[in-house]
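Place chains B, C, D and E on chain A using the hints.
Protein chains in written order, with the numbering used here: chain A, -14 to 89; chain B, 4 to 495; chain C, 7 to 179; chain D, 553 to 1196; chain E, 20 to 484.
In short, the hints are calculated from the structure, not lab data.
Keep in mind that the hints are not guaranteed to be accurate.
[Claimed, not checked] List time: in silico BS3-like cross-link candidates among lysine-lysine, alpha-carbon distance up to 27 Å:
1. K670/D with K368/B
2. K368/B with K582/D
3. K368/B with K722/D
Bear in mind that the values here come from a model prediction, so they are computed numbers and not experimental data.
Now for the letters of each chain:
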Amino acid sequence: MMEPGLYHLLFISAALFFIGVYGFLTRRNLITMLMSIELILNSVNLNFIAFNKYLWPGKMDGLFFTLFIIAIAAAEAAVAIAIIINLYRSHQSIDVENAEELKY
Amino acid sequence: MNLLLLIGAPLLTAVAVLLSRNREQVKWISLAGSVVQLAVAFVLLFAYTGERAAGNTAQMLFEQHHVLFASLNINFHFGVDGISVAMVLLTSFVLIAGVLVSWNIEKMTKEFYFLLILLALGAYGFFISLDLFILFFFLEISVIPKYLLIGIWGSGKKEYSANKLALMLMGGSALILVGMLGLYFTAGHSFDIMALSQKNIPTNVQYIIFPLLFVGFGVFTALFPLHTWVPDGHSSAPTAGSMFLAGISMKLGGYGCLRVATYLLPEGAKEYAQIIIVLSAIAILYGAFATMMQKDLKYINAYSSVSHVGFSLLGIGMLTQTAITGALMQMVSHGLMTALFFAVIGMIYDRTHTRMVNEMGGLMKVMPFITTVLFIVGLCSLGLPGLSGFVAEMTVFMGSWQRDDLFHRIATIAAAMSIVVTAVYILRAIGNTAMGPLKNAGYLQLKDAAWNEKLAAVILVAGILAIGIAPGWLNDLLRPAAEEIMNKIGGK
Amino acid sequence: MITGSTIIFYLLASLTLTCGFLSVTTRQIFRAAIYLLFSLIGIAGLYFWLQYEFIAAVQVVVYVGGIVVLIIFSIFLTQQAGEKLAKQKPGRKIFSALAVFCGFALTMIQVYQHTFYETSETPLPTTVFNIGKKMMNVNEEGYALPFEVISMLLLAAMIGCIVIALRSKPETK
Amino acid sequence: MPNSTAIALIPLLPLAGFLLLGLAGRKYLKNSSGIIGTALLLASTVLALYTAYEYFFVYGRVNGVYQQFVPLEITWLEFSKGVSINISLIIDPISVMMLVVVTFVSLMVHVYSLGYMKGEERFPTYYSFLGLFTFSMLGLVLSGNIFQIYIFWELVGVSSFLLIGYYYDKPSAVAACKKAFIVTRFADLGFLIGILILSYSAGTLDFPTLIQRLTSPGSDEIKTAVTYSFLGISALSWGAMLVFIGGAGKSAMFPLHIWLPDAMEGPTPVSALIHAATMVVAGVYLVARLFPVFALTTPAVLEIIGWVGAVSAIIAAVIACTQTDIKRVLAYSTMSQIGYMMFALGVSSYGGGGESGYTASLFHLFTHAMFKALLFLGAGAVIHFVHSNEMKDMGGLRKYLPITHITFLIACLAIAGIPPFAGFFSKEAILLAAHENNKAIYWIALITSGLTAFYMFRLYFTIFWNKPHVIHGEKHGEGGWAMMLPLVLLAVGAAAAGFIPFGEFVSPDGKPIESKFHLGFSVAPVALGVGGIIAALWLYKKQSDKSTKLAASLGRLYKAAYHKFYIDEIYLFITRKVLFNLVGRPAAWFDRHVVDGLVNLAGNTTQAVSEGIKKVQSGKVQQYAIYFLAGVILLAVLVIYGWK
Amino acid sequence: MNEFLTLMKSELLVTAIIFLLLFIKIGKGIKNESLLSLVQALLLVNFIAGFFLNTTGNLFGDMFYTNPLIVFQKNILGLGVYLISLLCADWLKKSEHLPEFFMLLLSALLGMFLMISSGNLLIFYLSLELATIPVAAMANFDLNKKRSSEGAMKMILSSAFSSGILLFGISLLYGASGTISFAEIPAQLDNSPLQVLAFVFLFTAFAFKLSIVPFHLWTADVYEGSPIAVTAFLSVISKGSVAFIFMTTLYKVFQPMQEIWYNMLVMLAVATMVIGNLFALRQQNIKRFLAFSSIAQVGFILVGISSNDNMGITAVVYFILVYIFSNLAAFGVAAVISDQSGRENIDDYRGLYKTNPFLSWVLALALFSLAGIPPTAGFFGKLFLLTAGGSKASYWFITVAALNMVISLYYYLRVVRAVFMEKNEHPVENLKPGLPVKLGLIICAAGIVLIGLLSWIYDYIHSLS
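Bound-form chain A, shown alone (with noise of 0.2 Å):
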């Protein structure tokens, strides 16, 4: 086993991203979709830190973006719930496959 650095940070991310990614694409539940979405936010924000630490200490660039992206995060969440909350009483139904009378 190798010494942990930066390879092995961008590999967790680039694995935790495609995991979202997957989530998100074949998730029917609308919620579960949602926390596919914090996955691929969160894999992001461990890319920033990574290159932040390894790669350019000098400045909090990474750092900063790490922690507005929590904070949207937080927001887009709320409204993305209000939503689905909102859709289910309409549909009766989270089922992502159940919205899709828009179409064509």
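For chains B, C, D and E alone, coordinates are given in the frame of chain A:
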């Protein structure tokens, strides 16, 4: 002579039409406006000939520059040579006749006249523009009024025809646009025709741009095989619409083929001349043969237009001064003739409510005036001396014959053969409608032309005769301009 | 040479990835939320491991304390806690997996082929003081503007949520 | 010097008549239009006679040679330097002679129509058309420019069309006028291309220059023209040949003659004017006008002309023997006589003593105008009387129509070539010329002359003798003075015109030629003529079945001749079956289904594609994301690996 | 401080309005009509204020950058919002959440302003989200309609997904270049594969926002589901703002990669025009129809962007100015009809001219302008885009674009045909839009007719760029 008058007069008329209150006002304002435009056109003619007589040898007269988009070097650049003057005159003739024959339009009269005048505005602007961008602007202006005229006031499968027309014409202008931009960038950011004509555009670029421009304008002027909007469009359009369509719009294309494509890209023209000749010879003969089989009067004239306009393109493709003069004459002549033909067809249709040749017969008995005009226009179409068609076609033939290799000879002979086929279908049409026993006793009640129709017909017939009997003035107008073009191209 | 730090790293990494993976594959929605929680905690752990304590703290507070709770609430709200999640069509799964794999491979190849620029900057300690100072700075390298922007965003999001979630009378239509 | 105003007025007066009557006739001049038209033409005729007198006897001959004058020339349309259509008046022996013929016959017809067409509804229109025709014909003969001649050529064509279709509600008349126009138009196509070739070679359109350039053997024009050839025939020969085709069409030469018999659907005076005396000889005039070119530069074409004339002459004569419609008999006879004129030109040559054919041809043109117009007008009187064109409705009319009878007989004798009537002299001259130059044609001509006598007297006897006439309804006379006066005047012409010393005035180069006259030579044709008359007398004087028996014994030949050798059917086949069905219909079909189909196909394809790809927009947000991701990956791969 | 006020005047004004509304909402609240008039007045003030005190400068280090061109772009957007407030007045009056609606709308506008002015990736990302999340909430404002929620859901999820990819790209770029400042990035670009990959990720976020094929799929669904005012905002203002920043980013930040993005632009432009047109052909719902047509329009904008010079900037800004008038006029008419008769299908528009000539003419004018028919301004807009795109002299590219104009004409004419030519037994009754709506429509119509002919506008933009 301020050329802006030619734009201002129709513009004012159009605005006045929009502001008028009732049908009568609309009609009289339109008529007055078109009379004014006719007057302006004549003033232009006399001013032009006067200048020329006074020894002004500039290629373009009455030039005007107004900066429009300075940063793109787009200007209102207007100016006329003999060709423009002739075309402007043609437009004003057709406009006034169109206004007159539409006198009894009941549906949405105001809109109808507004569009009609807008169409004329586009044509005037197109013919006097010396800036490609402005030229294109006016060309496009004239497309949508046609669409609406056909779609709203037309008959038969009007929506289909209107769509086809609009799309094909826009397709043509799309090609023009590309060609135009190509010119703009190769010649150092200029749309000015006069400036472009001074530039040396590399031959390989000409080879690319010329077909774009020529085919683009060719669509407007029914270049085979892109002519199929013509029969449908003409047959569905209301009378005045068909008159404008065939009388003016198709001329826009011919004018563009010459003034833009051929003049600016002589090497391209030489390269593709043979193809143009083949296509136009096909159009001439094929159009004539296809006409022979038509039963609807409007289709007859539509296909015959394809055939006749072929002469214009043939003349251009021949690239001799005489042939080009002939091509231009053919444009003017065909404009008047076909407008008149459609006017007559409209008059007949208004009365008999059919356009089918075999359902009519013996109309000479009930409407002598209309049938007389039908005879005149038919004879003009088949090239009877004394009428304009003859002069134009003969000039084309004489010009074409100056190319003395076998290819051009055969093309000329093929084109000349159409005069026989033309005789066949024209006589068939006239024979079956005007002559023969009266097919329908009900026709006995029909009235002959009303004053407005008579006036319209007389105006157009006057134009046809003016060219047919004394072609010299038109020749003097067009020939020097054609010579300028040939000087640029080089050759005979 | 295996140090404790390395072991911790790998433990955290495997926790994060495993939980993340389980979170997107389990068919029990509540479990999914819990797996997500652990995955996020794993990431927080990695931040700790990287000595970015402030971020780690924020991560725990906002994500674990905020978002995951929000999600769990919404799961309850939509009354699906006990049910198994509907199965996805296999075709969709295969395509997604394929696309995801390609994307992953592509990214990793690019990352590993890239030689990152070795910096010689002196690291700026990520103390709360430094962070706070920068956050409030309006000049060069200050983050006051983003801070304001995010506040507007949060305000807007709040308004939006209120309007949507508190719809007055659900008319039956 | 010629008086250009007077000469210009000759065609312009009828034109004025046309315009006046055409525009105002219907409403305001309903009854006086005939008088106005006739008066104008009378003035025209007087001017023409005056011009002829002045030309032939006062100023025309200089040093014993008749000169060519161009008193008026206006540039009408300039094509390029030196090549322009000039509207000009040319004065030389043939044009002056034609002026006289045209105005005189036209005047006769105008007068005659006053009686014949009386009470017609479109009386003013009729006179205006006559005016138009006369104008065009006069313009044609005065043309000093080959394109001018083409212009008037077309105009006479259209006036002929209008007059044939005068009874426009009769389907047969409509068909006939269309046919006449189209067939001649076809020939005109040849003429037009011929003009293009000749004018291109000569570099001018003016006759005098054109002829001068194309006949001087060493000229540049000839040299260049000769180098161009197509299918092994020189451009000039093609040009001359094509010009002749134009003439052949107008003059109803075989095989372009089919329109002429049908043209008889027009009013009879019109047939007399247009389809007997004037327009149909335009082809002869044209060849005569360009005679130096034919004779000096393209003798081969001239020989073809000769043969076409001869063949037309005999074929027409044979057909004429079998027809039962009197106007058709006369029409074929016209064709046959024009064939005479044509081959007379064909056997002639320019200078060197061989030019007698030329003179003879024009002489015959002159006399033929007289007697053929007379025949038609006489036939008109007969038709007017019995209201039918068919021979079977006639017979024994000599009692009822005495003046017509006598004048008709004179005309028949003239055309049969019985001395001392006009036809004898001109025909003798033609036969003599043929005898001198081409024996084969001579024999054909001789046989034709016998046939001519036979069918003319067949006509004569059937109309005026044969069975006694039964009068249906009220009895009316021969028609007033208006109809009789032209008959008498023309009869005088037909009887006396032969004594004019034609060779004095008309020859290819303007120098008078001596009229040769051999008494011995005349024996054969006159004998044949008399034989023909006797045969007709025997067969048709009394009502009998001899003629039917004879016809039966001739079998196929008779049938073929009766059906005009099926030439019409061949034409019908070519036009209907080949042109309409094999060219026109496919062209129309092709246009609607292939060309237009392609355009529609483009539209439909777009629609279909649009319909086909709608599934992409499935409404499923995850699917969208897959496309998104796939798009990103593809783009990245393309950018990283594709465009490096 | 003075500099701060002048440079950020648009942003500050908008923020002030937002807070004003917030206080009104928290306080007693006033009647919708008067509130609406107030907002309209304030927006007008905001628009007019945009013409004064335009200077160039940086704030907050290099995070905020502005210059006259950027101010002009902001003005265009401000004008668009003002027009929306006029055109949708009838619908807004009836809304229960009028203040909230405007607060969200203006937050989004604020986000766009900041986005256009952004000087580094962080502020860009934040303002992008600020411009997106409130709009997603607004999309759900037809609270009782299923479609509205569905649209909002699709929007928020898709945009979250897209911002995930964007962020991943930014993070890689950050790693590979070490900076997030727009000013510093170009120097660090060496076109290494990782940077290119990061750029592609970044690019697709723009593509998503601009609805470039194949990242466009959310567009139509969201447009159709949302209230018409939101659709109008999305299709005009939102697109316009992204187009501006997209162009700036490409020209300024990624100039070293221009070969790469030129190729991408060409390919995507063609795909976007073709697919947008093909989908628009068959649409029945007017909003969906306009959605696809706006996708096709974006294709043309890309043609202009591909030129990579001043001419391109001018053409794009000019086109968006024209586009705002044209598209808003179309949406305005659709809003009136949908609001007062509840009809949104093109077939319902048949015979409209008989009953509503004014609306019909405005609609026709708008559609002609969208199709690029003279004398409307759309003609000039399209033509300048193609001219800009033509400067690279790639004939086939321009030909494809020009031919796509023809296809687009087909479906625009379809609506015109329905309105003017076809017969309908139950046409839309005679509608009486309110005064603000009429005013809005007239402004739009005047804009459509005049902008093209008033050539100094173009020259003015050119002088700015």
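Each hint tested on the structure:
1. K670/D with K368/B: holds (19 Å)
2. K368/B with K582/D: holds (16 Å)
3. K368/B with K722/D: Status holds; Cα separation ~12 Å.
Checked against the numbered hints given earlier, this structure breaks none of them.
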